[in-house]
Every structure is written in C-alpha cells, then in structure tokens.
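Trainee: Next come the chains, spelled out residue by residue.
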Amino acid sequence: MLIKILSTLIFITVSSAFANLRVVTTTEDLRSVTQAIGGEFVDVSSIAKGTQDPHFVEAKPSYLVAVSRADLLISIGLELESGWLPLLIRGARQPKLMPGEPGCLSVSEAITPIDVRSQADRSQGDVHPLGNPHFMADPERVLLVADLISKRLSQLDPSHSKEFAENLLKFKNQLQDKITIWKKKLGPCRGTKVIGYHMTFNYLFKFFGFEAVGFLEPKPGIQPTAQHILSLVETAKSQKVKLIVVESFFDPKPGQTLAEKTQAKLVLIPAYVGGDEQSKTYFDWMDNLVTELEKNLK
Amino acid sequence: MNPAISMNGLFLGNWGPAIAEGKGLKLQELEGQFTAAVDPYFFANFILSIEGADGSMSPEEAWVSTLGLPVVSLKVGKFLQNFGKNNLVHTHAQPLIDRPLVNQLILGEEAFNTSGIQADILVPLPWYVNLSVAGVSAKTADLFSAPKDEALANVTRLENLWDLTDATTLGFGISYAFGNNLASKLSQFLGADLTIKYVSPKGRGNLAVIWTNEYIQGWRPGLLTLAVPDWENGHGLYSTLMARVHPNFWLGGRFDEVSRTSSGTDKRTAENIVVAYVPTEFSTVRLQSGLTQATGEETKWQALLQLNVTIGSHPAHAY
Amino acid sequence: MNWEVVQFLLPAFCICLILTGIHVYLGIHVISRGVIFVDLALAQIAALGATVAFLLGLPHEGGATYFVSLAFTLIGAAIFATTRNVEKRRIPQEAIIGVTYAISSAAIIILTDKSSHGAEHIKDMLVGNILWVSWRDVLTTLGLYTAISVFHYKFRKNFLMISLHPEEAKAKKISLKLWDLFFYASFGFVITSSVKVAGVLLVFSYLVVPSIIGMLFSSSVKGRLAIGWSVGFFASVLGLTASYIFDLPTGACLVVLFGLLLILAGCIRWFVK
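Protein chains in written order, with our numbering: chain A, 1 to 298; chain B, 299 to 617; chain C, 618 to 890.
Just so you know, these hints were derived from the structure itself, not from any lab. Note that the structure is predicted; figures quoted are calculated from it, not measured. Just so you know, not all the hints are guaranteed correct.
[Claimed, not checked] Heads up, simulated BS3-like pairs for lysine-lysine below, C-alpha to C-alpha not over 30 angstroms straight-line: (1) Lys49(A) - Lys598(B); (2) Lys60(A) - Lys495(B); (3) Lys839(C) - Lys60(A); (4) Lys280(A) - Lys376(B); (5) Lys242(A) - Lys500(B); (6) Lys839(C) - Lys265(A); (7) Lys495(B) - Lys787(C); (8) Lys253(A) - Lys495(B); (9) Lys731(C) - Lys253(A).
[Unchecked claim] Where chain C lies over chain B, by a calculated footprint (3+ residues, C-beta under 8 angstroms): (10) 462-469; (11) 591-604.
For every residue, glycine included, the Cβ atom is placed at its ideal position computed from N, Cα and C.
Construct the entire structure; sequences and hints are all you get.
Mentor: Here it is, written out as structure tokens:
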C-alpha cells in the first residue's frame, strides 16, 4: 500500500516537471513579452484583452479559475490593477501566488516610472500617485522588464534557464535593432507637439521626443467636455499641435471635433498589444504605432 | 503600514405614502471600512456603520479570512451571510436605493447578518463553482432569533458562473439555510438566483446590461403560537434589470413580489425604476420612483433621491 | 393621480418594450432579405398551431399550447429556410409564403367554425390581448428573448452576413442553409411567444414599421436600430395610453398608430429631401 502511494507521488512529481510553466499575465503586452522569452516551455494567457481598459477589468470569477491554476502571475503594478487584481488573487486561493511569493511578479519593480506625484488627491481626477503605469509603451523600459521576467521564469523552472536566457538574448537583440529603426524613422520629428486623450502614451511621447501639451480628458478619468475641447482648440492653434493621439477604444468624436477645428490630425491607435488585428505581438504593435504616427506626420 | 481605509456616505431624501417611516431628508448611513493583510496567514476586513444621524456605531461586518490555504478559504467573524446574491451587497452598492422586498420581508430588514465560521471551497471544475458552508449563531441572526445562546444555524450556497460569450456571463446559485427559531422549532430557507450580465468588451464605461433574478422561500413553523404572532410561510422573488446606457448613466428597474402567510395571507408587489448619474466610480446620484401594492390596500407611490460618495481606498466589489 | 391604472398598465408597457427590443432587430434582417411576408406567414402558422391546441382542449395559459404552436412554427420555419433561393428559381419564395399564409388563415376559420368561441379566438389571434399580460408573462418572455439575444449576439457576424451580404457568405463557404435554419428557428421561437401576447397584426407591425422608418433615415445597422427602438418605444407609450383612455382594442390601436407614424415619417423624409 505504501509503495503504491509513493510511486503515485513520484509519478505526479516527475510528470509535473515535464509540464509547461503556466503563466497568467494581466495585460497582453506582458503576455507577448513572456511568450517571447518562455517560448515553448510556457503556457501564457492574459486576463485583460488588448481592447479592454486594464483599469476597469471586471473581476470575473472565470478569471479566478484561470489564476488558481497558474504557477506565475505577472502584473504591471503601480496601482493599475488595484481595482480588481487583489480580489482575484484572494479568491483564487492559491498560496504560491500570494504577494512576496515567487509566483507573484509585478514588473514595475524593474523600472523607474514618470509622472510620480507626491501630493495626490481625487480632485485631480483618477491619478496614479506612484507613477504612470503605462510604461510598456517605452521600448527601453521593456528591455528591463524582459530581464526581470526571464530571471523569474528561471527561478521557477531552473531546468530551462538556459533556454530562457537564449530567448531573452534574442528578444533583446531584436528589440535593440527595432529601437534603432524606430528612432531613425521618427527622429526628424522630435519636438512635435501633440494632444492625447488619457495619459496612456506618455512614455511613448517621451521616447520619440514629442511634447504633450494637453489631453482631451479635463482630468484623468473624466469624460471630455465641450468646454474643455474648445479650450484645447486655443492650445492647439497657439502651440501648432500636429497630432491628436487617441486610444482606439475611446470614443473618437471628441478627437474628431478638435481635429476639425484645427490643423492637427487625428490618429487612432491601439493602446495595448492585441488592441487590433495588426498588433498581436509586442513588435507588431510598436511597428503599427510607429507607422501610423509616421504616416500622419508627413 | 496602514490598512486601506475608506468611508462611504449615503444621503437620502424619500417621499410618498409607500414609505412607512423616516420620510424627508436624512443621513441614511455612514460606513467606514478598514482592510489589510494581518500577516502572511490572515486578511482582515472591519466595517463599522452608523445608521441615521442619531444612530450609534456598530460593526456591520468584522471578519478575518485565511490567506495561503489552497482551495479553501476560511472566514471567521461577523458577516453578511452567503444566502442568495442580494444579501451580500452592502447598502451603498445596491443597484436601487432600497433593497428588494423579498429580502426585506423574508430575510429581514437588517439583512441576514450574524457571527460564525464560513468555509469557501473552489470546486475544481472547468467553470467557476464555489461551495460555501457556514456554521453561525442562530441567536444573533434576526432570521432565526433562537432562544438559546449557543444555538447554531447552517447556511450553504452553491454558486456557478459560466462564460456564454466573451462579453456575457450567466450565474446560477442555490442557497439553503436552517436553524432553530424563536418558537424552538426548525426554520428553513431556500433560495435560487439567476444572473445574466453583458459588459461591452471594448474600452471603458460602454454598454453593460445586468439582469438579476432571485427567488426565496421560507418556512418558520410555530411562530403563530407566540405571544406576538409572526408569519410562518412566505415566499417571494425580485427581478432587477440595470443597463449602463452611457459611460456616466445607468438606467434600471425592479419588480418585487412577496407573499407571507400568518393567520391570513399578505401579498405585496412593487415596481420601481431608477436613473443613476455616475460621474466617477467614487460618487453616484440616484433617483428612484415606484409603486407598491399590498393586499387590501390601495396602490402607493414613493420617490427617493440618494447621493452616494466614497473617500479613501475602497476595495473592489464582487462581480 | 390614479396609481392603480398605472400599476395595471405597467406589465403591458414592459411587454411592449420587450417586443420593440427584439422585433426591431429581427425586422432589420427580415427587410434586408426582402421577404417581408415571411413573418406574417410564420405568425399566422403560429396562430394556426395555437388554434389546434385550443381545439384539442389544451389550457390557453399552458406550456402544452406553447409547444404545439411552436412545433407548427418550426415546421414553417424549416420550409421557408429550405425554399430560400439566392438565384431566382422557377417559383419565387414570395409565392410560397403567400400561399402558406392563405392556407393557414383558411384553416383557422374552418377549424373554429364549429366552436362556440371561434370568432373571439380569431380576433384574439389577430390583435392579441396585451392589456391582460401578467408579470409572470413579462419575466418569462424576457428570459426567452434574452437567451435568443445571447445566441444572436454570439454569432452576430454570421447572422448579419447571411442577411445583408449573402454573396459574401457564399464566398466564405458559410452554409447559407444551416444558418438560415438557425435564423428562422430562433425567429420562430420569438414569433410564437409574441403572437400569443400581441397577435399576428401587431407582431408584423413591430417587425416591419420601426425598421422601415429606421431605413428611411439611416443606412447603418446601428442607426436603424436606434431609430427603430425609439419609434417602437414612442408608439408603445402612445398606443397603450390611447387605447386605455378611449377604450379601444389595444393591439388594433397600436397597429393603426404604427401606420400613422410610418406615413408621418415618409412625409418628413420627402420634405427633408
């Protein structure tokens, strides 16, 4: 009897060593990067789809089931998912995913954020006092995120750490090459003034040297109002704003209204990987963003 | 390291013959919530509430749950019982300003809230199945009001949730509770709830439609023989339909029907509609109006206006 | 203010809203396919089924009556699905639909000729009895239509394609016959329930009039839905109130009102051109 139990246990442990690492990420950006580094040794899925706003994901119990089966949960941090992720983690009742355990990773640890506010209160809108969490739009910060993800994957699955390191090197080299290409394409456009909708693309603007002189949201999280759009018309004209950059899941009408009244062009781009058909991986997404921006700046 | 502290204020104006007491303007409720991880083993949630401007502060909920146990989570303390869907929802999170009639008249005006231990088991099936079993005090629960201090009651709920499409979910739950009542006989309650929820998959604040239905039946033998007789058999249902028609507006309505038998049968129906203006997730203004009809009485109307605000870090509400 | 009256009219008003909701959507499909009379014929077949159930002595408010009526409707739906032809064959589908309608109507008259309550039953089938609908009817109808809506939403790409762009569907190898069958079957479920409550004429009006008015002023599916739903809502409120105040049969009152709204919309469109 004892031998039967022992052999079953041995079988389970041995077979689980051959099973892929199950990773759940909160956004598709993270999913794409993790897939590139983990390759065929990880099964990655994302809770929020690229068309969804990750601030407002519903903590659906079906996500909870997926999380409870995961070995590693990767999130952005900086309070982006604070509205729904803690509920999912507690409900998943999976001890290895608790904060502090190796199964719980918040990639904001790897980077220094921008837009940190020491004094923050809600009269300023829905602000992130710890910093702007949309740093996956900055390819240079993504290099650091990739390092962190690779380290954690190796920690959880040491038998494949060599493969993870190789994939990481390949990913970083590919990304470095792309960074050079992207910077060359939009290099001449440094200093372009733009208007955004929400602060999603602040890191992207910084990367290309654009200057955001205003946002369609009067305050973060507040719907654009007619009065505010009219005041932006003044700003757009006096600062010679060239682009109005709006995330594709927002209502395009406020941006269209502003574009009609000024000489600025409206660009609708997906805010996250998976936001449209051409943006299924991190590289495709960034390529698509650069192409759209370049097209409208000529 | 501070807990997540938040306070919620509900300010209410209510008018009309359907309102039994407390017409006019008033502070409906002030609720403070403190949540934090105690240590790697426990998570604590303390909710203090004050009802009305002259009310005293009392714990609405005060419980601790285990962290890091696989598959099971244990909850100990005083908490709203997992019976049906609406009972778990705090006053400020209710879709309409007042609670459904069946919850008020069958489960009790103060909701089914008592002390005990609850185990929540995530059943390993391909869809979400949660089995919740609790052993609670039957004395402090208004629902039972058992005479003996040490009397226990049981509350069990089996909850399922399926993803019908990527944007629609269907939830179905069955609840059962039993315990000794004031006449020292066994009271039993049975509930079933069905919810269908659609949330537009794109962006933020787009179209969402939520249709919640619940049926509750209660058997309380022996209560007719008391000095102050009370109803023995009762059942009722509600059906609430809410729709987010604009990122800042919700529109909805609820139908209620309750029937209770003591010496005679008292049947009540109500229809209410509500409009909610939600500028951000931290503040809401609701306007509700409706009609109620009880057997042998004429139809009465009611109108309610509520301002609901939350400050601090308030944890997310259940799906 | 007589609140009893309002409470009395509420379930009827809710049913009108529910009918508006689903029929305007289905109406867009029906008009795009160009076979307007399919719904009239299916409604009449549903009425025929209900009549047969009535003659068999089945209780009017019962699951049994519903299932007999549904069985007839689904057979009718299958016939229409299999005789749809994108390339015009010898007999146009319109003819088949027309004949079916005529036969069902005649059958109803023959069957109820010998029954004492026959005439009343025929009038009931034509204009329905919306005013007497109960909250239980409202909730069960809402449940059924929600299930069908979820089904249509999940497969909306296919359904919209086979109705609006059948050539594209053929090119993409999507089985027209299969999806047509699903469409007509779900359509049949809706028609059977609606006819029971609202009668053949009102069901036809809800299907066709708001969609046509939508088409007069908008070319996008979303636009037509929005206009159609508004017209349906407006007509429902006006019709119910008018039928109560002037003591007229509700179904007939609403049908006439829909007609008047259509004429009004046509005039507006003509002037605005």
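Trainee: Can you list which hints this structure breaks, lowest number first?
Mentor: 1, 4, 7 and 9
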